[in-house]
Amino acid sequence: MAAVFDKPSLRHRFSPMLQGFDGPLAFAVFLLACAGLLTMYSSGFDHGSRFLDHGRNMLLAGGIMFVIAQIPPQRLMSFAVPLYIVGVALLVAVAVFGITKKGARRWVNVGVVIQPSEILKIAMPLMLAWWFQKREGQLRPLDFIVAVVLLAVPVGLIMKQPDLGTSLLVLMAGLSVIFFAGLSWKLIIPPFLVGVVAIALLVIFGDTLCADGVRWFILHDYQQQRICTLLDPTRDPLGKGFHIIQGMIAIGSGGLFGKGFMQGTQTHLEFIPERTTDFIFAAYSEEFGLLGTLFLIAAFLFLVLRGLAIALEAPTLFSRLLAGAVTMIFFTYAFVNMGMVSGILPVVGVPLPFISYGGTAMVTLGMGLGILMSISKSKRLVQS
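With my numbering, letter number 75 in the sequence shown gets 1424, and the count goes up by one each step, no holes.
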């Protein structure tokens, strides 16, 4: 009789929480986290407590991932509308009485200073996945128009701040949901072709368009300058082109095997600006070379492919759309950061996941991983 009333052991209490965790996804994150800690130790060793703070941020993201992984996708769906409304309301508050730093109004004080645009990285795909779940089986063209409007409102408010990097991430997350929901290729190909033609014309007539005194009315001055700097960094090698030039020098000087851990001259002689945040990929490539870069790209590809596999096997439309969008956020983070540091994309404020320093971005990544873990867990429980 006594055995019947024995208290369950600690292992039995926590085993249901760990049941269903996606091993391959966790392994990909582990590899990236190790690469991030190594790189941060090397590039940030003289930045006070930056390495310890980076480790703390990773532990915080891991805790958030673990908590969200316990929430079933059906419960996550109930947060979609409230989170979206709160996020948009805070963006409006930023536009009206937000805090301005370095020429950008991106923050608002609600007792604590927050950056509402970060909320939309998760709220946007949640909202659109909820919308298409409600319209499952009866989708009409009007439903896609409503989805585009829901996406355009926060993206427009974020671009107005201005914050091109975050608006790009929110836009990509939203477009991923709309695409995975069944948007026709006939509607995708025309804007894609227009974009290709626009890029070609920009490259051909770059010298004329970037001449002194020429202003592009559709973009802010700083956005125009970033595109012109991308086309020709040597226009201002000690000013606006300095970041790109030094980043490419660091990547190229790494060679095949790299200069070795803690041996990066461009990094430690402080030629690389923002070497612990936006340009940490240059510091990594200098010390670990082409082979190390290929390892990092392979780890990100593995993470993205695993996320897409989770989306493909998800039991509901909401889960499939949400997992696909969250996975594309990880892809966009990595692709844009590596592209801008390598000189093939304009410089925007997008960190490299798990590698770059930054508490807010790490929290967002933890939430995204938690969502993927939750969806993977629900799929395994359904199968069992």
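FYI, nobody ran anything at the bench for these hints, they're computed from the structure. Owing to the predicted nature of the structure, the values given are computational and were not obtained by experimental measurement. Treat each hint with caution, since some may be false.
What the hints assert, rightly or not - Think about it this way: if two alpha-carbon atoms lie no more than 25 Å apart in a straight line, the pair counts; the simulated DMTMM-like pairs of lysine to aspartate or glutamate are: (1) LYS1728 - ASP1561; (2) LYS1589 - ASP1561; (3) LYS1589 - ASP1556; (4) LYS1451 - GLU1485; (5) LYS1451 - GLU1619; (6) LYS1451 - ASP1585; (7) LYS1450 - ASP1402; (8) LYS1450 - GLU1623; (9) LYS1483 - GLU1662; (10) LYS1535 - ASP1570; (11) LYS1451 - ASP1570; (12) LYS1451 - ASP1556; (13) LYS1509 - GLU1467; (14) LYS1509 - GLU1485; (15) LYS1728 - GLU1662; (16) LYS1608 - GLU1467; (17) LYS1535 - ASP1561; (18) LYS1589 - GLU1662; (19) LYS1450 - ASP1570; (20) LYS1589 - GLU1619; (21) LYS1608 - GLU1619; (22) LYS1509 - ASP1570; (23) LYS1608 - ASP1585; (24) LYS1535 - ASP1556.
Said to hold, decoys possible - Pair by pair, the computed Cβ-Cβ distance ranges are: (25) GLY1562 - ILE1693: 35 to 43 Å; (26) PHE1370 - GLY1404: 33 to 41 Å; (27) PHE1541 - LEU1657: 40 to 48 Å; (28) THR1583 - LEU1657: 38 to 46 Å; (29) PHE1370 - SER1398: 28 to 36 Å; (30) LEU1657 - LEU1551: 27 to 35 Å; (31) ILE1548 - LEU1587: 40 to 48 Å; (32) LEU1491 - SER1602: 31 to 39 Å.
Yeah, the Cβ is synthetic: ideal placement off N, Cα and C, and Gly gets one too.
Each hint, compared with the structure:
1. LYS1728 - ASP1561: violated, 57 Å
2. LYS1589 - ASP1561: This hinted pair holds, its Cα atoms lying about 14 Å apart.
3. LYS1589 - ASP1556: Holds - the C-alpha atoms of ASP1556 and LYS1589 are around 16 Å apart, at most 25 Å.
4. LYS1451 - GLU1485: At roughly 45 Å apart (the allowed maximum being 25 Å), GLU1485 and LYS1451 break the hint.
5. LYS1451 - GLU1619: Satisfied, since the Cα-Cα distance of roughly 22 Å is no more than 25 Å.
6. LYS1451 - ASP1585: This hinted pair holds, its Cα atoms lying about 21 Å apart.
7. LYS1450 - ASP1402: holds, 23 Å
8. LYS1450 - GLU1623: Judged against 25 Å, a Cα distance of about 17 Å means the pair holds.
9. LYS1483 - GLU1662: The given pair, whose Cα atoms are some 20 Å apart, holds under the 25 Å limit.
10. LYS1535 - ASP1570: Violated. LYS1535 to ASP1570 sits at ~34 Å, over the 25 Å cutoff.
11. LYS1451 - ASP1570: With a Cα-Cα distance of about 14 Å, the restraint between LYS1451 and ASP1570 holds, given a limit of 25 Å.
12. LYS1451 - ASP1556: Violated - the C-alpha atoms of ASP1556 and LYS1451 are around 29 Å apart, more than 25 Å.
13. LYS1509 - GLU1467: Since the Cα atoms of LYS1509 and GLU1467 sit roughly 15 Å apart, the hinted pair holds (cutoff 25 Å).
14. LYS1509 - GLU1485: Violated, at about 33 Å.
15. LYS1728 - GLU1662: Holds. LYS1728 to GLU1662 sits at ~7 Å (cutoff 25 Å).
16. LYS1608 - GLU1467: violated, 36 Å
17. LYS1535 - ASP1561: Violated, because 40 Å separates the two Cα atoms, which is more than 25 Å.
18. LYS1589 - GLU1662: violated, 46 Å
19. LYS1450 - ASP1570: Between LYS1450 and ASP1570 the Cα gap is close to 17 Å, so the pair holds against 25 Å.
20. LYS1589 - GLU1619: holds, 17 Å
21. LYS1608 - GLU1619: Holds: LYS1608 and GLU1619 sit about 16 Å apart, inside 25 Å.
22. LYS1509 - ASP1570: With a Cα-Cα distance of about 13 Å, the restraint between LYS1509 and ASP1570 holds, given a limit of 25 Å.
23. LYS1608 - ASP1585: violated, 28 Å
24. LYS1535 - ASP1556: violated, 34 Å
25. GLY1562 - ILE1693: 35 to 43 Å: violated, 27 Å
26. PHE1370 - GLY1404: 33 to 41 Å: violated, 22 Å
27. PHE1541 - LEU1657: 40 to 48 Å: Because 21 Å falls outside the window, the suggested range is violated.
28. THR1583 - LEU1657: 38 to 46 Å: holds, 39 Å
29. PHE1370 - SER1398: 28 to 36 Å: Once the Cβ atoms are compared, 31 Å apart, the range 28 to 36 Å for SER1398 and PHE1370 holds.
30. LEU1657 - LEU1551: 27 to 35 Å: holds, 32 Å
31. ILE1548 - LEU1587: 40 to 48 Å: violated, 27 Å
32. LEU1491 - SER1602: 31 to 39 Å: Distance hint for LEU1491, SER1602 is violated at roughly 55 Å.
This entry does not satisfy hints 1, 4, 10, 12, 14, 16, 17, 18, 23, 24, 25, 26, 27, 31, 32, going by the numbered hints stated previously.
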